[in-house]
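**Q** Chain by chain, the residues run as shown.
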Amino acid sequence: DTGVSQDPRHKITKRGQNVTFRCDPISEHNRLYWYRQTLGQGPEFLTYFQNEAQLEKSRLLSDRFSAERPKGSFSTLEIQRTEQGDSAMYLCASSFGPGLGDREKLFFGSGTQLSVL
Amino acid sequence: AQSVAQPEDQVNVAEGNPLTVKCTYSVSGNPYLFWYVQYPNRGLQFLLKYITGDNLVKGSYGFEAEFNKSQTSFHLKKPSALVSDSALYFCAVRASPLRSSNTGKLIFGQGTTLQVKP
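These protein sequence lines map, in sequence, to chains A and B. Be aware that the first sequence starts at 1, since it is given in the numbering used here, and climbs by one per residue. Be aware that the second sequence starts at 1001, since it is given in the numbering used here, and climbs by one per residue.
These are computed hints drawn from the structure, not numbers from a lab. Please note that the accuracy of each hint is not assured.
As the list claims (entries may be wrong) - Below, in silico cross-link-like pairs of lysine-lysine (DSS-like), each with a Cα-Cα straight-line distance of 30 Å or less: (1) K1049/B with K57/A; (2) K71/A with K1058/B; (3) K1022/B with K1058/B; (4) K1049/B with K1077/B; (5) K105/A with K1069/B; (6) K71/A with K1069/B; (7) K11/A with K1117/B; (8) K1117/B with K57/A; (9) K1058/B with K1077/B; (10) K11/A with K1022/B; (11) K71/A with K105/A; (12) K1049/B with K1022/B; (13) K1105/B with K11/A; (14) K1077/B with K57/A; (15) K1049/B with K1117/B; (16) K11/A with K105/A; (17) K71/A with K1117/B; (18) K1022/B with K1117/B.
Source: prediction; values computed, not measured.
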């Protein structure tokens, strides 16, 4: 178990550019989540996958945002035409899925810090 | 709609004293409740959860939390604080999967900074 890994750790981009982040969850986990966190706030839910199916998307996820999990393993989050308001920490988490015991526990990556200039 | 409130931005406590970090929630049906901790430059780490059973749940690093259904609260506690407990703490809630089978998301509070002074 190597934990949830995210790449890159930091990304600086200019307004209008596209960016893509990658998340590698814990291998046995079925569920993968994306959250966004800004300074002084708690993580805000963006979307989640059960295996390769994207089951829920937040209204925060505008049409400039797209997430994929093509083979039910790693996931990518792409932001097109970035805006300064997109600057935040993007967190990925994974879990076994619903159920009792430790199935509900989320394991978080260290995040990707995006700065849009 | 689900929501979580952490009324205190910061809690200050002296080392060795008991600590409480407050959390109240709103959710339809039976709640699943969680506490996570975030240390600087590190990802969120799970501390403890309440799903069913005993209202007092014990977690990592000597923390515990008490579920109070009538007050819709889930306060985090520790009998004796350590300087190393200083971090950002998040309360989170989700609806029971029996209520909404496809909703897996956690809703987080805005966080409470715990500062333990020697």
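**Q** Need the status of pair K1022/B, K1117/B: alpha-carbon distance at most 30 Å?
**A** With Cα atoms ~19 Å apart, K1022/B and K1117/B stay inside 30 Å; holds.
**Q** Hey, K1049/B versus K1077/B, does the alpha-carbon distance stay inside 30 Å?
**A** holds, 13 Å
**Q** Would you mind confirming whether the straight-line C-alpha gap from K11/A to K1117/B stays at or under 30 Å?
**A** With Cα atoms ~35 Å apart, K11/A and K1117/B exceed 30 Å; violated.
**Q** Given the hinted pair K71/A and K1117/B, is their alpha-carbon gap at most 30 Å?
**A** Not satisfied, since the Cα-Cα distance of roughly 48 Å exceeds 30 Å.
**Q** Quickly compare the C-alpha distance for K11/A and K105/A to 30 Å and report which way the hint goes.
**A** holds, 28 Å
**Q** Do the alpha carbons of K1117/B and K57/A lie within 30 Å of each other, as the hint requires?
**A** violated, 41 Å
**Q** Is the hinted pair K1022/B and K1058/B satisfied, with a Cα-Cα distance of at most 30 Å?
**A** With Cα atoms ~16 Å apart, K1022/B and K1058/B stay inside 30 Å; holds.
**Q** Take the C-alpha atoms of K71/A and K1069/B, compute the straight-line distance between them, and say whether it is at most 30 Å.
**A** The hint is violated at about 41 Å.
**Q** Please work out if K105/A and K1069/B have their alpha carbons no farther apart than 30 Å.
**A** holds, 22 Å
**Q** What's the verdict on K1049/B and K1117/B, does the C-alpha distance respect the 30 Å limit or exceed it?
**A** Holds, because 27 Å separates the two Cα atoms, which is no more than 30 Å.
**Q** For the pair supplied as a hint, K1058/B and K1077/B, confirm whether the alpha-carbon distance does not exceed 30 Å.
**A** holds, 10 Å
**Q** Next pair to validate is K11/A with K1022/B; report whether the Cα-Cα distance is within 30 Å.
**A** violated, 35 Å
In summary, the structure is inconsistent with hints 2, 6, 7, 8, 10, 14, 17 from the numbered list given earlier, while agreeing with the others.
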